[in-house]
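Colleague: Position 118 of the sequence shown, counted from 1, bears residue number 118 in UniProt numbering, the numbering being contiguous throughout.
Because the hints were derived from the structure by calculation, they are not lab data. Positions of the beta carbon are idealized from the N, C-alpha and C atoms, including for glycine.
Derived DMTMM-like pairs (lysine to aspartate or glutamate); straight-line CA-CA distance at most 20 Å: (1) Lys123 with Asp161; (2) Lys180 with Asp70; (3) Lys93 with Glu104; (4) Lys195 with Glu104.
Between beta-carbon pairs, the in silico distance windows are: (5) Pro151 with Phe218: 35 to 45 Å; (6) Phe218 with Ser173: 35 to 45 Å; (7) Asp203 with Ser173: 42 to 52 Å; (8) Thr126 with Asn153: 21 to 31 Å; (9) Lys217 with Lys128: 35 to 45 Å; (10) Asn132 with Ser192: 33 to 43 Å.
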Amino acid sequence: MIKLNYKKKNLSLRPQSNSNDFKFYPFVYKYLNRLPIGAFRSAAMARHIGLAFLLSLLFCAQNIAYADFDFYYLVLEWPGSYCKDCTVNGCCKPTTFTNYPLEEDFLIKGLYTYSDSGQAVTKCNTTKFYVNALRNLIGDLYVHWPSIKCPSNNGVSQWRDAWTNYGVCSGLSEEDYFDKALKLRKKINMLSVLKWKGIFPSDFLFYSPLYVETAIKFGLGADVGIKCNTNKWGTISD
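Sequences and hints are given; from them, build the entire structure.
Modeller: This is the structure we're talking about:
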């Protein structure tokens, strides 16, 4: 877990050292009395260990239409690990991909709306989803927010779910909601941070959670927490 303060005026980052104000939530840490913009849900950078990263930056939600929505969680996943256990996850290559190296970057899983109480704020109204509203963003969405679930698809159903569950609570138009997710995703280059410390996806190299945690901490200047993926027997898995 990575926790950063994002100042709205000068975009500076300030690390937070208090690790007692969060708890586990399925692949997302819930921060009380914080305004984070993002959460990384990823998996292993090596075949021999599975890691879930969570990145949280302070981001004041502007033009909020609902009093109980206070911050966003931007959740990303590492397809290289998710797709390794295809018999369970049902991973399929998106129909919109051609030669793009899907496994070489973090993908958007969702942009969630949360309240300061730590609860997800969902389904605030019944505003419908229209894919045509995303015509100016469709290229970036294909690259950064595809669906890797089976059967192979173009991602539209995943975007519809994101909008009808969380987007309608954002106080933003459909286009602005997805544009915000894309912009937040582009602000952070986790792969560069990891590569800077010699951490690469590999079938043979092993990276300890502490080493990865330290790399991200120094690379982003923030406190880091890492949750390992476990299999059904409770042991660390890929």
